[in-house]
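Work the whole structure out from these sequences, hints included.
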Amino acid sequence: MTKNVLIVGGGTGGTIAANLLSYKLREEIRRGEVRIQLIEQSKRHFYQPAYLLIPFGLSEVSEAVKSERELLSESVELITERATRINVEDRFVETEKGKYTYDYLIIATGSVPDPSQVQGLSEGAHHFYDLDSSLKLEESLAKFNGGKIVVGVAGVPYKCPPAPLEFTFLVEDYFRRRHMRNKVEIEYLYPLPRVFPIESVADFAYNIMLERGIKANLLFNIESVDPGKKEIISMEGDSTKYDLAVIIPPHRGADVIIKSGIGDKGGWIPTDRYTLNMKNYDDVYVIGDATDLPISKAGSTADFEASVVSSRIADSIRGIKPRAVYDGRVMCFLLSKIGEGSLLVFDYENPSKPVKPNFFCYWYKMAYNRLYWNITARALLPGFGV
Amino acid sequence: MRLSEIKPNKIVDARGSFCPGPLMELIKAIKEAEVGEIVSVYSTDSGSKRDIPLWVQKAGHELLGVFEREGFTEFVVKKKR
Chain V
143 MTKNVLIVGG
153 GTGGTIAANL
163 LSYKLREEIR
173 RGEVRIQLIE
183 QSKRHFYQPA
193 YLLIPFGLSE
203 VSEAVKSERE
213 LLSESVELIT
223 ERATRINVED
233 RFVETEKGKY
243 TYDYLIIATG
253 SVPDPSQVQG
263 LSEGAHHFYD
273 LDSSLKLEES
283 LAKFNGGKIV
293 VGVAGVPYKC
303 PPAPLEFTFL
313 VEDYFRRRHM
323 RNKVEIEYLY
333 PLPRVFPIES
343 VADFAYNIML
353 ERGIKANLLF
363 NIESVDPGKK
373 EIISMEGDST
383 KYDLAVIIPP
393 HRGADVIIKS
403 GIGDKGGWIP
413 TDRYTLNMKN
423 YDDVYVIGDA
433 TDLPISKAGS
443 TADFEASVVS
453 SRIADSIRGI
463 KPRAVYDGRV
473 MCFLLSKIGE
483 GSLLVFDYEN
493 PSKPVKPNFF
503 CYWYKMAYNR
513 LYWNITARAL
523 LPGFGV
Chain D
24 MRLSEIKPNK
34 IVDARGSFCP
44 GPLMELIKAI
54 KEAEVGEIVS
64 VYSTDSGSKR
74 DIPLWVQKAG
84 HELLGVFERE
94 GFTEFVVKKK
104 R
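Heads up: the protein sequence lines correspond to chains V and D, in order.
First residue of the first sequence? That's 143 in my numbering, and the numbers climb one at a time after it.
First residue of the second sequence? That's 24 in my numbering, and the numbers climb one at a time after it.
Think of the hints as simulated: they come from the structure by calculation, not from any bench.
Keep in mind that the hints are not guaranteed to be accurate.
In silico SDA-like cross-links for lysine to any residue, where the CA-CA straight-line distance does not exceed 20 Å [to be verified]: (1) K407/V <-> D36/D; (2) K101/D <-> E378/V; (3) K401/V <-> E55/D; (4) K81/D <-> M377/V; (5) K72/D <-> E341/V; (6) K72/D <-> E491/V; (7) K54/D <-> D406/V; (8) K81/D <-> N359/V; (9) K407/V <-> I34/D; (10) K357/V <-> L386/V; (11) K81/D <-> S381/V; (12) K421/V <-> R38/D; (13) K407/V <-> K101/D; (14) K54/D <-> P412/V; (15) K407/V <-> E55/D; (16) K103/D <-> L77/D; (17) K421/V <-> I34/D; (18) K72/D <-> A344/V; (19) K103/D <-> D380/V; (20) K54/D <-> E378/V; (21) K495/V <-> G70/D; (22) K54/D <-> I375/V; (23) K54/D <-> S366/V; (24) K54/D <-> P255/V; (25) K357/V <-> E378/V; (26) K54/D <-> S381/V; (27) K185/V <-> R520/V; (28) K101/D <-> M377/V; (29) K81/D <-> I375/V; (30) K421/V <-> D36/D; (31) K103/D <-> G379/V; (32) K54/D <-> M377/V; (33) K407/V <-> I61/D; (34) K495/V <-> T67/D; (35) K81/D <-> T382/V; (36) K54/D <-> Q259/V.
Have a look at this one:
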């Protein structure tokens with residue numbers, strides 16, 4: 143009988159998992175013993191790291207969006223429908239048009255930036271967590287004549303932990319290059335008592351802020367934004383004024399997870415940190431932002447997890463006890479200005495030892511924006527060899 | 024009530040988390056909790072011993088206890104407002 147592997151979500155994790163499975167199980171698929179289906183409502187695939195760069199003219203729409211079908215291996219069946227319910231008891235996924243059963247399910251439904259969770263955020267602040275918002279921010283920065291720019295995070299978890307820090311550094315560089323730096327004040331708000339969760343990174347990032355005249359306002363957990371007064375208020379009882387605010391919205395799990403009742407309060411799915419199984423379901427795997435794991439929500443996380451999960455499923459299908467386990471590995475670039483960046487790699491056991499910002503990391507990051515489409519998303523080098 | 028008898032409403036297992044890290048996980052759990060509820064967070068990150076008490080004090084919550092467990096530290100926090 144044909145084994146059905148069903149993947150919900152065609153972002154980074156889902157796409158890589160589908161491609162890896164199609165390579166690993168090539169023979170089984172050819173013999174009709176395995177079928178791989180991917181449900182994704184959008185025909186387009188988005189490379190989200192480009193959204194950080196677009197406001198500064200360092201990337202563009204053509205680098206951020208391509209066809210999902212063209213990225214997928216031919217043997218993956220793409221179902222362009224919206225998943226509406228996941229039933230892990232009876233092993234099926236419903237869409238607006240049909241019902242799909244599975245033997246193995248991979249949930250890769252990602253996360254949703256949700257400004258509505260914070261009062262005044264949608265009206266009062268910009269962000270760069272979707273393509274339209276990123277383009278709008280590009281326009282506002284281009285028109286900005288001077289004043290105070292505040293960058294912050296309105297809730298945890300959020301995708302790509304270094305992004306607020308990178309945005310702060312890039313916006314400083316952007317106005318310096320435009321000979322406007324003396325007209326722009328920059329303030330960085332962060333929920334923790336330091337500028338980044340990882341201490342070694344926080345130390346060097348804070349030094350960069352001191353050198354470049356960026357103010358850090360710490361232990362500032364944003365509670366609300368007052369668009370009329372142009373003021374941001376914190377849970378700790380502080381406030382700060384702004385002329386232009388760039389605030390990363392809180393994230394939640396996907397609608398289909400919340401509606402299916404398989405997530406926690408935030409819509410994140412309880413997941414085993416090593417096997418990546420949904421807790422209590424050994425035929426269901428969860429990858430990328432959709433998990434409740436206390437690790438970075440980032441493309442590299444999804445990539446490494448897709449590699450583990452596709453190996454485990456291939457083993458199971460071949461009657462072998464699944465061997466691959468996830469070690470919590472994450473890899474993030476951290477741009478400190480145009481022409482300079484660092485690279486952070488860490489896992490459950492080992493904190494990051496960041497390299498000093500240098501040109502090579504910057505170049506690699508910019509090259510990676512293209513390599514993603516040709517190598518990573520096509521799963522030609524799973525986990526990028528790390 | 025003795026500290027050893029405290030029953031948290033939610034346990035956050037942030038062992039192995041360097042980024043976003045245990046304090047971020049605690050902030051998220053406290054936001055979701057009701058006033059008066061107790062959240063316990065497990066951490067293997069040495070920075071937590073400094074970070075967590077600092078934030079709890081600044082945010083006006085109560086640190087009920089810090090316990091050394093086998094291979095990790097447990098912080099027990101009560102949401103006060």
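Hints and how they fare:
Of the supplied pair hints, the one linking K407/V and D36/D holds, its CA atoms being roughly 16 Å apart against a limit of 20 Å. Among the hinted pairs, K101/D with E378/V is consistent with the structure: their alpha-carbon atoms are about 15 Å apart, no more than 20 Å. With a CA separation close to 18 Å, the supplied pair K401/V and E55/D stays within the 20 Å bound. Between the alpha carbons of K81/D and M377/V the distance comes to roughly 9 Å, so the proposed pair stays at or under 20 Å and holds.
Straight-line distance between C-alpha atoms of K72/D and E341/V comes to about 13 Å, which keeps the hinted pair within the 20 Å bound. A C-alpha spacing of about 18 Å is found between K72/D and E491/V, which places the hinted pair at or below 20 Å, so the restraint holds. A hinted pair counts as satisfied when its Cα atoms are at most 20 Å apart, and K54/D with D406/V qualifies at roughly 14 Å. A C-alpha spacing of about 13 Å is found between K81/D and N359/V, which places the hinted pair at or below 20 Å, so the restraint holds.
With a C-alpha separation of about 14 Å, the suggested pair K407/V and I34/D falls inside the 20 Å cut-off, and the hint holds. A hinted pair counts as satisfied when its Cα atoms are at most 20 Å apart, and K357/V with L386/V qualifies at roughly 15 Å. Proposed proximity of K81/D and S381/V is supported: the alpha carbons are some 14 Å apart, at most 20 Å. With a C-alpha separation of about 17 Å, the suggested pairing of K421/V with R38/D holds against the 20 Å cut-off.
At most 20 Å may separate the alpha-carbon atoms for a hinted pair to count; K407/V and K101/D meet this at roughly 19 Å. Proposed proximity of K54/D and P412/V is supported: the alpha carbons are some 19 Å apart, at most 20 Å. Between K407/V and E55/D, the direct Cα distance comes to roughly 8 Å. Compliance with the 20 Å bound is thereby established for this hinted pair. Among the hinted pairs, K103/D with L77/D is consistent with the structure: their alpha-carbon atoms are about 15 Å apart, no more than 20 Å.
Restraint check: the Cα-Cα separation between K421/V and I34/D comes to about 16 Å, which is no more than 20 Å; the hinted pair holds. Simply put, K72/D and A344/V have alpha-carbon atoms about 17 Å apart, close enough for the 20 Å limit, and the pair holds. Between the alpha carbons of K103/D and D380/V the distance comes to roughly 18 Å, so the proposed pair stays at or under 20 Å and holds. The straight-line distance between the Cα atoms of K54/D and E378/V is roughly 12 Å, inside the 20 Å bound, and the hint therefore holds.
A distance of roughly 15 Å separates the Cα atoms of K495/V and G70/D; the hinted pair therefore holds under the 20 Å criterion. A distance of roughly 15 Å separates the Cα atoms of K54/D and I375/V; the hinted pair therefore holds under the 20 Å criterion. For the proposed pair K54/D and S366/V, the alpha carbon gap of about 13 Å is at most 20 Å, so the pair holds. Straight-line distance between C-alpha atoms of K54/D and P255/V comes to about 17 Å, which keeps the hinted pair within the 20 Å bound.
Under the criterion of a C-alpha separation no larger than 20 Å, the hint pairing K357/V with E378/V is consistent with the structure, at around 18 Å. This hinted pair checks out: K54/D and S381/V have alpha carbons roughly 19 Å apart, not beyond 20 Å. Pair hint K185/V plus R520/V holds up; C-alpha atoms about 16 Å apart against a cutoff of 20 Å. A hinted pair counts as satisfied when its Cα atoms are at most 20 Å apart, and K101/D with M377/V qualifies at roughly 16 Å.
For a cut-off of 20 Å, the pair hint linking K81/D to I375/V stands: about 14 Å separates their Cα positions. For the suggested pair K421/V and D36/D, the alpha carbons sit about 14 Å apart, so the restraint of at most 20 Å is met. As the CA atoms of K103/D and G379/V are separated by approximately 14 Å, the hinted pair is consistent with the 20 Å bound. Restraint check for K54/D and M377/V: the C-alpha separation of about 10 Å stays at or below 20 Å, so the hint holds.
Between K407/V and I61/D the alpha-carbon distance is near 16 Å, which keeps this suggested pair within the 20 Å criterion. Under the criterion of a C-alpha separation no larger than 20 Å, the hint pairing K495/V with T67/D is consistent with the structure, at around 17 Å. Under the criterion of a C-alpha separation no larger than 20 Å, the hint pairing K81/D with T382/V is consistent with the structure, at around 17 Å. Proposed proximity of K54/D and Q259/V is supported: the alpha carbons are some 11 Å apart, at most 20 Å.
This entry satisfies every hint, going by the numbered hints stated previously.
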